[in-house]
Structure formats: C-alpha cells, structure tokens
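Protein chains: 2
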Amino acid sequence: MRLKREVYIGELNKDFIGKEVTVSGWVLRRRDHGGIIFLDLRDRSGLLQVVFEEDIDQEVHNLADSIRIEYVVSVRGKIRKRPEGMENPKISTGDIELVATDVEIHNTSKTPPFPLDEDLSEVSEALRLKYRYLEMRSPEGLTPFIFRHKVNHSIREFLNSRGFLEIETPYLTKSTPEGARDYLVPSRLYPGKFYALPQSPQLFKQILMVAGVDRYYQIVRCFRDEDLRADRQPEFTQLDMEMSFVEEQDVMALIEELMSYIFEKNLGITLSTPFPVITFEKALEEYGTDRPDLRFDLKLQNLSELFKDSSFKVFRGALDAGGVVKGLKAPATFSRKELEDLTKFAQDLGAKGLAWIKYSKNGKTFEEKWNSPIVKFFEPSVLERLVEVFKVEEEQVTFFFVADSKEIANLVLGELRKHIANKLNLIPQGVFTFTWVVDFPLFEWDDEENRLVSVHHPFTHPKEEDLPLLDTDPLKVRARAYDLVLNGIEVGGGSIRIHRKDLQQKIFKLLSISEEEAEEKFGFLLNALEFGAPPHGGIAFGLDRLIMLMLGKKSIREVIAFPKTQRAQCLLTGAPAEVKIEQILELHLLPGWEKKPKTE
Amino acid sequence: MRLKREVYIGELNKDFIGKEVTVSGWVLRRRDHGGIIFLDLRDRSGLLQVVFEEDIDQEVHNLADSIRIEYVVSVRGKIRKRPEGMENPKISTGDIELVATDVEIHNTSKTPPFPLDEDLSEVSEALRLKYRYLEMRSPEGLTPFIFRHKVNHSIREFLNSRGFLEIETPYLTKSTPEGARDYLVPSRLYPGKFYALPQSPQLFKQILMVAGVDRYYQIVRCFRDEDLRADRQPEFTQLDMEMSFVEEQDVMALIEELMSYIFEKNLGITLSTPFPVITFEKALEEYGTDRPDLRFDLKLQNLSELFKDSSFKVFRGALDAGGVVKGLKAPATFSRKELEDLTKFAQDLGAKGLAWIKYSKNGKTFEEKWNSPIVKFFEPSVLERLVEVFKVEEEQVTFFFVADSKEIANLVLGELRKHIANKLNLIPQGVFTFTWVVDFPLFEWDDEENRLVSVHHPFTHPKEEDLPLLDTDPLKVRARAYDLVLNGIEVGGGSIRIHRKDLQQKIFKLLSISEEEAEEKFGFLLNALEFGAPPHGGIAFGLDRLIMLMLGKKSIREVIAFPKTQRAQCLLTGAPAEVKIEQILELHLLPGWEKKPKTE
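Top to bottom, those sequences are chains D and P. So the first sequence is residues 2 to 601, counted in this note's numbering. So the second sequence is residues 2 to 601, counted in this note's numbering.
Derived by calculation from the structure, the hints in this document are not laboratory data. There are no misleading hints in this set.
Given that identical chains are not distinguished, each listed pair holds provided it fits within a single copy or across any two copies.
For lysine to aspartate or glutamate, the following DMTMM-like pairs were computed, each having C-alpha atoms within a straight-line distance of at most 25 Å:
id, residue 1, residue 2
1, LYS5, GLU248
2, LYS581, GLU450
3, LYS424, GLU396
4, LYS131, GLU520
Given the structure is predicted, the values throughout are model-derived calculations rather than measurements.
Given only the sequences and the hints, what does the whole structure look like? Please build it.
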C-alpha cells in the first residue's frame, strides 16, 4: 500500500483545514465539471467530498479520471473550507473538502446491481441478500450491525456488573427433541450416532446451576429445524440466562433493570418500571392473545352473559355449543367495502362470519342510532347495555362480534383488534410497551399425540399451590413461568425450574415420557438433580427480535448479517449445497434422496 | 423458598458482626461436637463456618442434624466473632462464623463420587467429566471459568475501544473443505444438500471487509472433524479478527497491544513489546520448529559445514544424501541410562540414532576433555571448533547430533531441545514469552495429493516481491502471514489476504483447484472481490489454548466447561448418541453403518 490511511473520514472537521491527510474508502458518487473531478468518498464513519483540480499532477489526474463508483481508493491531499454556498449541512464534513494531491486505486469495482446511494428498500430482498456486502456498504447499511454490537456490549456490561458469568456451552450436543426438530450432525467416529445442534442451552444452564455458577448468561446461537413460518431463522441468537436461589420476582426485577439499562444506553429511552403483569387467562380474555400489545386499548369484552337470552341464531348456536360471544369496539365507522374486507379477514382466521353494529351516540331515532342488519334481533336494553359495557364516549363506533368457540373468538378478535388499530392509526410509534404474562398453564393437550405436552418445556416448575392438581387435574396446573412481551411480540420467556428429581420424574410421567426414555434423553439432568441441585430459574430472549423491535425494523433478517431466507437458504454462499459423496459415506450414511434437478 | 439469600458469603467480614443474615450454599464439610453441629457452607464467592448450637430450636436442630455434605441449604443467623484461637486465616471469613437460628434444606445430595474438598487432580479425568458439575462446584472449580469470562470481557473492552465491531456470522454454512474435514448438517428441505459447520469464519470476515465493516471481530465457535490428536476439540473457540487498509505491521502492533492489555488486566503482568519477530527459516534453523519456545536458549547449530570433511560414516552418509548434521548443546552431563533414554526419544521421532559427545572444559587430557565413542572419528581441531560454535562457557556439557534429512534433524533436535530443557529445569515458570513467526512459505508440496497445498489457506497474500516466483518457482514464494507463538505453542495465526480476483484465481490454479470447483466452492468470494474489495488482513486466536496457557493448565479441557474427550464424546450427556430412524429418514438419508453393539 503506497498511501496509508491516517484518519477516518468521520473524524474530519473544520479543525483539519489546512492540514494534509490520507483517507481511504469507496466512491459513492463521481462528478466531472470541466476537468475537475469530484468524488464522494465514503468509509464506515462518514462521507467526504474529494476534489481533483485541473492543475494536479497529470498522472494523478489520469488515475482519478479512471475511477468509477465503488472503486476503493486512498486519497492524499489538503483539507480546505468549501466555497461559500457549497456547504452540505446534511453531513458532518459538509463544511470541508479534500483537495487531492495523490491517489491510489486499491481495487476496481463492477457496477453494483443496485445504486448504493439511493433508498434500498425498493430493491428486492433476494438481490440484497445475494449482494449483502454491497447493501452493508451503503451509507446506512451498517447501522443495524453497529447498533446490535452496542446492544450486545451493554447487555454484557450490565450482567457482568451483576455478577453474571458468561460461560460457553457446547454446540455439538445430544438430540433431545421435545418441541421443535433438531438439526443433526452425523458422527464419523461413531457409526449410527449423531450430535445435535442445541435448540437452546436449557439443560446445560441448569447443570451450571447445579455446578454452583449461581448467575450464568450467554449470548448464544440456537438452532431449530422447523418449517419456517413468519419471521423465523434456522439459526438465531439468544440471550440465555439462569440464576440460583431465586423466585419469579427476582428474575423479573433483574430483567426490568436490564431492559431499562439497554434502552437508556442505546436509544436514550427511559422505560417505566415495574412492567405491568397480566395473567395468561386475563390476556386471552381482554386481548385474545397471550402476547398482548398494550400500546393501545381496544379491549375485548366477553358478551356471552349479555346475549345469553338472545334469539339471534348465530349467537344462540355458539352459546348452546358451549362457545362464547365476544366483542370489540372500534372508535370509527366503516364503509360497506371495508366491512366486507374485515369480514373476510375474520373468515380467513377461521371465523364463520363477523357481526357488526354501528352506533351513533347522537342519533335521534333508533334507526339513526343503531345500524346493522342484526339489530332487529336484540332488545334495545341489550343494545344500551353494550354502550355501557364498552364505556362508549365516542360519537360513532362500530361493535364487532364473533360467536364461536373461545379459541376462535379470541384468535379472530385478537387479530382484528391489531388490524383495526393499525388501520385507524391508533398505535403510537416509537413507543416501547413491555408486559409480563404469567400464570400460564403447565400443560396443554395435544390431540395429535394424544398426550399432555408442556406449554413451555418439561423443566418448568408448577406453581406450589397447584401441585396437588398434578394428580387430579393436570390441565389446571399453572406454571411458574413468565413471558416478556414487547409491543405485542414475545421477546423473552422463562420460568423457575424443577430442581428436585422426584418432581421432574413425575412431570415426565405426566408427559407420557417413559422412565427408559427419560433416562436415555435426560438421564444426565436427573443425575445432576440428585447431587444438591439448588432452586433456580432463568429466562431467554430472542435477541434478533429484540434488536429488530428496538430499531423499528420489520424483519429479523434486517438485523442479521448473513440471514437465511424463509426457505432456509443462504443466498450469498448458496448453502445448503451438495457435497462429495465420499463425505457422506465417510459419515456411515447413504443417499436416500431421489435424483432431483440441481436447481431445486 | 422460605429463607432467601440476602448476601453472598464472600461479602461477609467483621463489619457484619452482630448482624442477622441469610446465606445460601452447599455443605462442603460437616462436624458434630457433642451436639454442636458445624457446617462449612460454600457459595461461588467463599466459605463460611456455620454453627448450630445446642440451645437452638429443636426442630431447626433436627433439620441441621439431617444435613449431609453437598446438601444445598439456606441458613439464617447472626454473625459473630470466632472464639480466640479458632480463626482461619486461609479464608476471607476466617475471623467470623454464623450462629444459625433457622435453616431450610433446598435439596439433598447423594454422596459425591469424589470428595470435593480435596485435590481433584488425582481423580480420573473421565470421572471428573461425567460429574463436571461437581468438579466445578469444588472450591477452586470455577476459577478457570471466571478467569475465562474476564479475559473475554477484557478482549471485548479493548477491541470495542479500537473501533472493532463484533458481528455474528452463520454456523449453518457451506462446505468448503480445504484443510480439515467439515462437520456436515443434512438439510431436510433440500434432499441431498448439506450445510457445514464453519472451520472458521474466514470467508465471512473477508466478505465483511468488502462490506466496509473496516474492523471486525468475533469470539466464535469453530468446528473441525479431525482425527483427534494431541489437545484438540471437535469444537473450539476462536477470537477472530479482520481489518481493512492494513499491512502486516498494523495487525501485529494491534495484537501486541491487545495481549498487553489482557495480560495486564487479568494477570497483572506487563508484557514487553514489541514481541520478537523470527522468520520461518530462522526458526527452523535455530529451534527446529516454526513454534519456537523462547523462554530458554539452547539453539540448534547447523554443523554440516564443520563436518563436511568428516570420515565418520554416519555423518558422511547423511551429508552425501543431501542431508544435514545439526547439533544441540545441553549444559549438563548424562548417565549411560539417560543417554539411552534420550536416544530412544530421538528414535521414536524418526532419527536413526543420536550421537553425543561429553565435553569437560577443565579436562587435562584429551580423554578427560572428550568422552564419546565417536570422538575418535574427528580431528581435535574440529572438536575445538564445536566449543567455539556453541560458545561453551559451562564446565561440562553434552553435545547431541542428528545427521539426517533437514526435516528429521529439525524435528528430532527441536523436540530434544524442549525435552532436555524440561529435564534440566531450564524453563522459567510463570513467564510468558511471545514471538512472531513470519515469512512462511505460501505453498508446500503434498505427496499424497500430488499437488501444491496452502501452508495457511488459499486466501493468504503472497509477498509482493515474490509474486514473479509464482510463475517460476512457487515453492519459494513466501506468504504475508504471521503466527503468534507463546511459550512454544501457536496461539494465533493470520495474514494479509488476497483482495484482487485475478490473483486469487491464479492461486486457485496453482493449487490445482479447477475454475469450476473454485466457482462452486468460492464463487461468492470471487464475486465479492469484483466489487471494490479493500486491502485487508487479520488473525485468529485459539482462545481455549490462550486461556489454558495464561492459567498454566495442561489441557484445553480444563478451561472448557463441557469439553469432549479425545475421542469426541461428551461424557456428561453421552453425545453423540443414537437418534430415531425417523429423524434420519426425514433428512433423506439411509443408515449406512453395520449393526454394532450399543457400547461402541
């Protein structure tokens, strides 16, 4: 290298006027005005105008003349004040420019497949992922990764200051599928045996508590071979934590401090603590979901009681079948077309239909007040009761109703609530509203497997007062679990764990895991529980998702340097890819796939 | 939990005398003196004597009476000064004790398979790994992991302060075997395709440089499916770094600062910088290895010139075959038995034999001065020259000689040098001697594959002045590579990378990697090099090994929480393990192993 960088562009300012410097970077833009060449030179820290004047050394001018966008160059020259009226207040170096005396071209560049100085959100994601290095190099391209770096560091700062130890746990471990599917890694040394990539370090962190670590954390990769729906990745990053001698409120209080620290430090936002706590039951009742978005109100109301004597056959039918009638008040009225769309929205989620009633507070007559094909089925007193139940203060509102099983009614109205809030711009932006959800059921019934399954995982401690229910009515047992929800999205989940072998065995039994299977899969945990396992609990955060939310991004792919697509492919490297047949045979495996075209 | 911890044991001191506290931990020892029960209670931070006196509440006394070692308990009571003469200066709470008023037993414990309050180095490693959680819980058991945690944090502190960004790269990536064997991960969605676990994030960090990240690092897991020799692990942790617009000396200077920072911060040791730099050629010549241990002298000498006219047929034969005669001076004499052992040592390494000559400076006669079956073959002037060459100042020394190919002579004498230094206690302990090794050859010849292979990896930049040799004598081309050696063990290695596509293609060609293969494996890198790749270079450290050396441990397994054995097994979890056949079939694979007994 002939010209070596002396300073980052972002460090330059008026103090450098008159000084000679060498900077290095990429050419974002290039202009040529009657022999004067202007380059906008960019490094990670900023943008600088570089001028090659006419009277420059001819060889240097020729070199400069050959420079195209995205060439990578070092330029030496003198910093001067920009001519009056030519300042650019948008950039930190807007008052100055570099008058070049020398240039070195480190590398040329083909023309990028998309211009880097424009808004890249119009570029297809597939193209951006294939050329991720160009997207990252664009002026705002590194912002999410610099932010992520800082968040990670502030997490570590906080946890280290609280006595947490970051301890690395294995990635080549044992397959214990209970929940999602494991990624398997064939073993060459042990024919027929496999490692598995961890879905989380759950068992290891519990073992670390048995080991007396007391406070553990790890920013760690986790792997789930799931059918990728929504915004999931085959590998994702978790902030994993565990503490000994704690109860729910200890973990929750610490996490509130942690969140306050990282939001303050990285966004300058002061969170209000303690975070509200809502039970699973109440969350479903009022928001239709266990991940309620509390940035806005619009609570659901259970109207089963109100409509219990209704002759309206849609409501009647649902109630008679043991279902519910639930309602939602939207502070607006909707056109016929809009109501049709909302009905379609509800039906796509599984509702048979969506009943609605428009209400105008100031309507003089019944007809002016109540507008809906179904009002005729209801006593006016029932309708007036609606106004009371929903505490209507607005001039005009629309009530929506779903009469169905509790599950469908909650799902549909929960989603409708968010949909309408979005549509009506009821969701404040730039606001971060946390809530804890607690008192989850420990088990749910899996129809397919015809057995109880864990709502969280089999190591979750039941509530002490519900322990007797394990024998009588296990579906009623509540878990010592807590999920952290931010703006309607689950960002973390945890629990107090079982630390006694007998209780752990009882839970396995209730989950129809045989003693033999429990021993085979979890024997090492059961062993450890026999050697002085302390009471302990913890939590894990989806770090990709948390950072996405902090940045106001729409997808976790925006905050992962080299993400996979929804179809689990890396568009940059082409992974997964074919390997030599020898590599497979060496793993004591045989091809079991049909010949498929290479493009698959 | 009835009794909740209020304070860590390590925080207690005389200031707490008279105060009531609740502590939690494990019972390391238990004594019973006429109704008074003494427990040594241990948490991560320290050890505390707990006394249950006779006049305590009967129920509490009964509980205390049932407590055995490694039970996990909380104890409430009052801190008091220990009786005169009962102080224990070895522990920080040695002046005080806790007089218990209440106790809660959180969990019982079976008797541990080895006592935790004794030196565990006598316990077999297999047993310690199976019960890793007990080993870690022993009084010094967490020390390596607390240390490792702190080192990692100080690395991050330093690098963050220098503008480095920690960016996470994928673990599910593409197989590009060039060097060690990849661990493969079958893909369920793409029959016949595989991800690979990264041997290092080499290509991603180069891509990040093309992306303008400028300074990258990552503390990252890497995976190599090698036949495990020496002290290797299938998964290990690397400190991975890369910088743009740099040359060798920039990376090396930064690393010297980094090492100084972490040694100062974590060991209180001030390293002397700059570290010495030795060329590959000179390292082999003088130390017989490219990982010289510079804590002690004992340089090898090439004696080929001295013995060029010798009639001694062993030397003669080696020299005539194009080999060398090299020698080593040990500042001691050895018994016949010792000399036999040393000869065996040399032969095990491939030497045909080991010639030796004892020299006594003050010997009055030739026979008193020179003692060896072979002295008769040499002119006295040649022998006197030996004394000069080796700058003998000691009264008695022994010269050792190996006459063989350069490779064998270097290997044998290099190992013998360390062996003798150990035997003679010439290696100062607690000393950390770094050295850079540079000017490695870019290629070496692989007889098995019958082609050139990279000494480091194919992305290493050749020395500028050696570029013409690529066409004429590629084995003479030196690399812009640098290895960091600490006390004779390689802890890091790096290089300036190739940033131009044409040169990268040329290197692939010299490595007999076809254009098609290069495109298939490394196409994404070659593409990236066409879009303004900057000059860049970096380095990677084996973090396990560095921490092992800092702690003076003998094996990296001592500093990894859950290591695998030399046979790649996890003795705690039993990984790798069998999986359900359905899991294999779902990955479009078929069993290809013979039925083997389950114990394999």
